[in-house]
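Based on the sequences and whatever the hints tell you, model everything.
Quick note: the sequence shown uses the numbering used here, first residue 1, plus one each step.
Read the hints as simulated data drawn from the structure, not as lab findings.
Please note that a few of the clues may not be correct.
[Claimed, not checked] Only pairs whose alpha carbons sit at most 25 Å apart, straight line, appear in this in silico BS3-like list of lysine-lysine:
hint, residue 1, residue 2
1, Lys247, Lys222
2, Lys116, Lys103
3, Lys105, Lys116
[Claimed, not checked] Computed Cβ-Cβ distance ranges for the label pairs, DEER-style:
hint, residue 1, residue 2, range
4, Gly240, Asp338, 17 to 27 Å
5, Asp293, Asp341, 44 to 54 Å
6, Thr232, Glu261, 27 to 37 Å
7, Ala144, Gln403, 38 to 48 Å
We put the beta carbon where it would ideally sit given N, CA and C, even for glycine.
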Amino acid sequence: MNRRRSVARAVGLATAIPALAFGTAAAAWSAPDGGPQPVPHDLAAQYEAPTPLGVSSDLADATGQVEVAVTLAEPAIGDLLPEDALLSGNVPSPAQQKSQRSKVKGQQDAFVRGAKGTGARELARTQLVSNVVVMSVDAEELEALAALPNVVSVTGVGKFEKHAEDDVVSGSLAQAIDYLQVKPVHDAGIDGSGVRVAVLDSGIDYTHVNLGGPGDDEVTTKCFEQANQAPTDDCAELFGPDAPKVKGGWDFVGDAWGADEAPLRPDPNPIDSGPEGGHGTSVSDIIAGRSADGTHQGIAPGADLYGVKVCSSVSTSCSGVAILQGLDWALDPNNDGDISDAVDIVNMSLGASYGQVQNPSVPAVDNLVRAGVVVVASAGNSADRPFILGSPSSAAGAISVAQTALPDDKQWVVEPSVGAAITNAVHQSWSPLPSGLLTGNLVRPTDGIGCS
Numbered sequence: 001m002n003r004r005r006s007v008a009r010a011v012g013l014a015t016a017i018p019a020l021a022f023g024t025a026a027a028a029w030s031a032p033d034g035g036p037q038p039v040p041h042d043l044a045a046q047y048e049a050p051t052p053l054g055v056s057s058d059l060a061d062a063t064g065q066v067e068v069a070v071t072l073a074e075p076a077i078g079d080l081l082p083e084d085a086l087l088s089g090n091v092p093s094p095a096q097q098k099s100q101r102s103k104v105k106g107q108q109d110a111f112v113r114g115a116k117g118t119g120a121r122e123l124a125r126t127q128l129v130s131n132v133v134v135m136s137v138d139a140e141e142l143e144a145l146a147a148l149p150n151v152v153s154v155t156g157v158g159k160f161e162k163h164a165e166d167d168v169v170s171g172s173l174a175q176a177i178d179y180l181q182v183k184p185v186h187d188a189g190i191d192g193s194g195v196r197v198a199v200l201d202s203g204i205d206y207t208h209v210n211l212g213g214p215g216d217d218e219v220t221t222k223c224f225e226q227a228n229q230a231p232t233d234d235c236a237e238l239f240g241p242d243a244p245k246v247k248g249g250w251d252f253v254g255d256a257w258g259a260d261e262a263p264l265r266p267d268p269n270p271i272d273s274g275p276e277g278g279h280g281t282s283v284s285d286i287i288a289g290r291s292a293d294g295t296h297q298g299i300a301p302g303a304d305l306y307g308v309k310v311c312s313s314v315s316t317s318c319s320g321v322a323i324l325q326g327l328d329w330a331l332d333p334n335n336d337g338d339i340s341d342a343v344d345i346v347n348m349s350l351g352a353s354y355g356q357v358q359n360p361s362v363p364a365v366d367n368l369v370r371a372g373v374v375v376v377a378s379a380g381n382s383a384d385r386p387f388i389l390g391s392p393s394s395a396a397g398a399i400s401v402a403q404t405a406l407p408d409d410k411q412w413v414v415e416p417s418v419g420a421a422i423t424n425a426v427h428q429s430w431s432p433l434p435s436g437l438l439t440g441n442l443v444r445p446t447d448g449i450g451c452s
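In structure tokens form, the structure reads like this:
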């Protein structure tokens with residue numbers, strides 16, 4: 001487990017993220033002095049069953065068919081892990097993990113059978129970070145669903161979107177490296193090597209020249225054509241454990257979801273293809289991109305990437321169902337039943353405005369963080385409004401990150417060169433245009449608010 005400690009420090013420096021002390025509840029088998037104790041035979045022996053909460057208030061006005069996350073009473077392994085379990089090696093044995101997951105699955109199976117009477121349809125399950133069954137159900141049946149045995153809560157899944165600049169890319173990656181003072185860290189030999197980052201986004205184009213690919217249009221076209229299947233031939237060499245940069249991942253949405261009510265169609269290939277693709281590739285390049293000649297580098301160019309596709313290839317939408325599945329996947333990337341290989345970091349440059357702690361992604365994030373996984377999420381793309389902070393960055397354990405303007409983002413009024421003009425300096429879509437000339441003293445803000 002020393003590797004996990006060292007790589008966590010390395011990526012913390014390489015990404016210029018300060019070490020944070022997360023306030024989390026003590027685990028069931030933590031020693032009073034904070035030191036690890038042997039994992040008990042019965043993992044849930046001291047677990048306090050949650051109080052049933054019924055239907056969440058976010059569904060009070062729901063009508064028609066809705067997607068809901070139903071949390072059940074049996075604790076998932078993520079609910080039972082002590083703080084920093086992955087870092088300290090205080091992880092239950094594979095046999096114990098399998099036993100607990102079997103209990104969760106049994107309870108989920110019983111719930112799904114009982115829910116048939118409500119007409120609800122199962123969409124997905126999570127069994128590691130949380131015990132959740134996602135259902136599609138008529139809003140008239142929500143109370144009946146909540147009344148079934150072992151149901152703790154019924155909450156809306158929510159609608160999410162990718163968070164990116166509306167018009168142009170902000171500044172340049174090279175400028176960001178300088179602006180964040182990362183170069184001295186790189187010069188000291190710290191580049192994130194050995195760190196494993198799961199990027200929950202629109203996937204990753206692993207044919208990209210800065211992400212281990214050849215940058216060849218023919219190869220890209222060939223790999224895009226395999227978007228709905230496991231990569232083969234040249235494409236298989238660019239994705240998987242032996243690939244140069246993108247070591248694995250999963251597509252939880254499929255290439256058609258996000259347009260014309262297309263259903264979720266998961267597949268094993270999270271390549272970032274489609275007309276609205278590219279967001280996950282851009283985010284991945286910022287995190288860990290590196291050109292063959294080393295002239296182009298991301299924040300942590302030595303890190304390994306895992307593409308977890310939870311956002312659409314044909315729209316800006318991200319699936320709340322897929323996000324829950326992606327967070328679950330991050331705890332056991334190779335799906336071998338042992339969470340010891342959980343990723344080190346989860347990045348989500350996405351969200352839903354006015355985030356609530358009731359959103360099912362929030363407890364999933366907090367369980368990951370308590371176990372020792374760093375979770376970084378976008379604060380939002382909706383400017384400076386009260387309570388606008390999005391989910392899942394609203395989770396107590398998440399590092400919630402807002403956009404930072406670079407020096408290249410300065411805007412100059414060049415037309416007309418002299419005389420009066422109307423220039424709208426605010427770019428949010430909800431900002432009104434001035435109705436006439438503005439007069440008054442010209443005031444220069446200080447650097448403290450991002451102007452110069």
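Hint check:
no. : hint                        : result
1   : Lys247 / Lys222             : holds, 19 Å
2   : Lys116 / Lys103             : holds, 21 Å
3   : Lys105 / Lys116             : holds, 17 Å
4   : Gly240 / Asp338: 17 to 27 Å : holds, 19 Å
5   : Asp293 / Asp341: 44 to 54 Å : violated, 32 Å
6   : Thr232 / Glu261: 27 to 37 Å : holds, 31 Å
7   : Ala144 / Gln403: 38 to 48 Å : holds, 43 Å
Violated hint: 5 only; the structure is consistent with all others.
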